[in-house]
Amino acid sequence: QVQLQESGPGLVKPSETLSLTCAVSGYSISSDYYWGWIRQPPGKGLEWIGNIYHNDITHYNPSLKNRVTISVDTSKNQFSLKLTSVTAGDTAVYFCASRSSGWPFGDWGQGTLVTVSS
Amino acid sequence: DIQMTQSPSTLSASVGDRVTITCRASQSINNWLAWYQQKSGKAPKLLIYRASSLESGVPSRFSGSGSGTEFTLTISSLQPDDFATYYCQQYMNYQTFGQGTKVEI
Chain A
1 QVQLQESGPG
11 LVKPSETLSL
21 TCAVSGYSIS
31 SDYYWGWIRQ
41 PPGKGLEWIG
51 NIYHNDITHY
61 NPSLKNRVTI
71 SVDTSKNQFS
81 LKLTSVTAGD
91 TAVYFCASRS
101 SGWPFGDWGQ
111 GTLVTVSS
Chain B
1 DIQMTQSPST
11 LSASVGDRVT
21 ITCRASQSIN
31 NWLAWYQQKS
41 GKAPKLLIYR
51 ASSLESGVPS
61 RFSGSGSGTE
71 FTLTISSLQP
81 DDFATYYCQQ
91 YMNYQTFGQG
101 TKVEI
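Respectively, the protein sequence lines represent chains A and B.
Per this note's numbering, the very first residue in the first sequence carries number 1; after that it's consecutive.
Per this note's numbering, the very first residue in the second sequence carries number 1; after that it's consecutive.
Isolated chain A, as found in the complex (with noise of 0.2 angstroms):
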């Protein structure tokens, strides 16, 4: 079972860049495998980010494309997401996901809270 774990800053300024980064264990990061971000602001529903694929394939929810980038990092067995320009309107519940071709995502991250304010 892949286990996966977020980090990065809790609090960001408005009009800054955001900046996650999700451990993955038991699995390579390199397999055949999306991994993803979801977010969930508070009290609300579920907002798919994004996945990255075979390393560098990318897809992104078109609502965020102009400010999403996500990308991994093989040496360290992670991916990362950035979030640029954010305003009040991105603090969420940010989770990491994983989930093989053709399937939901099965493996959840804990979640990690994102503020944006100044």
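Hint data in this document are derived by calculation from the structure and do not stem from the laboratory.
Treat the numbers as computed from the prediction; the structure is a model and nothing was measured.
Which bits of chain A does chain B cover? Going by a derived footprint, with three or more residues having C-beta under 8 angstroms, they are:
1) 42-52
2) 58-72
3) 94-104
4) 109-115
With a straight-line Cα cutoff of 30 angstroms, these simulated DSSO-like cross-link-like pairs (lysine-lysine) come out:
5) B:102 with A:44
6) B:45 with A:76
7) B:42 with A:76
8) A:65 with B:45
9) A:65 with A:76
10) B:45 with A:82
Note that CB positions come from ideal geometry on N, CA and C, so glycine has one too.
Dock chain B against the given chain A, drawing on the hints supplied.
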């Protein structure tokens, strides 16, 4: 983009009740639909994949049905541990979640 609409948003029920949640897709997604359960402060847990397949370890009181654009999640006899929020998700074209259904006492 494929939109997912769940109903109801909130459902009040009692232990032992049969509960049904509906999810509609804005276009056909065949059977590329999953259901998740989320409890407060926790990550979502996969219950059902491919519309009707039960994830390993999930109690058999949970079942899913449907194809195309209309899907249902049924809990045959609600247990105290089942009070939570449930989300549908399409994964045919990227991923989209429904807005969630809170099952409360």
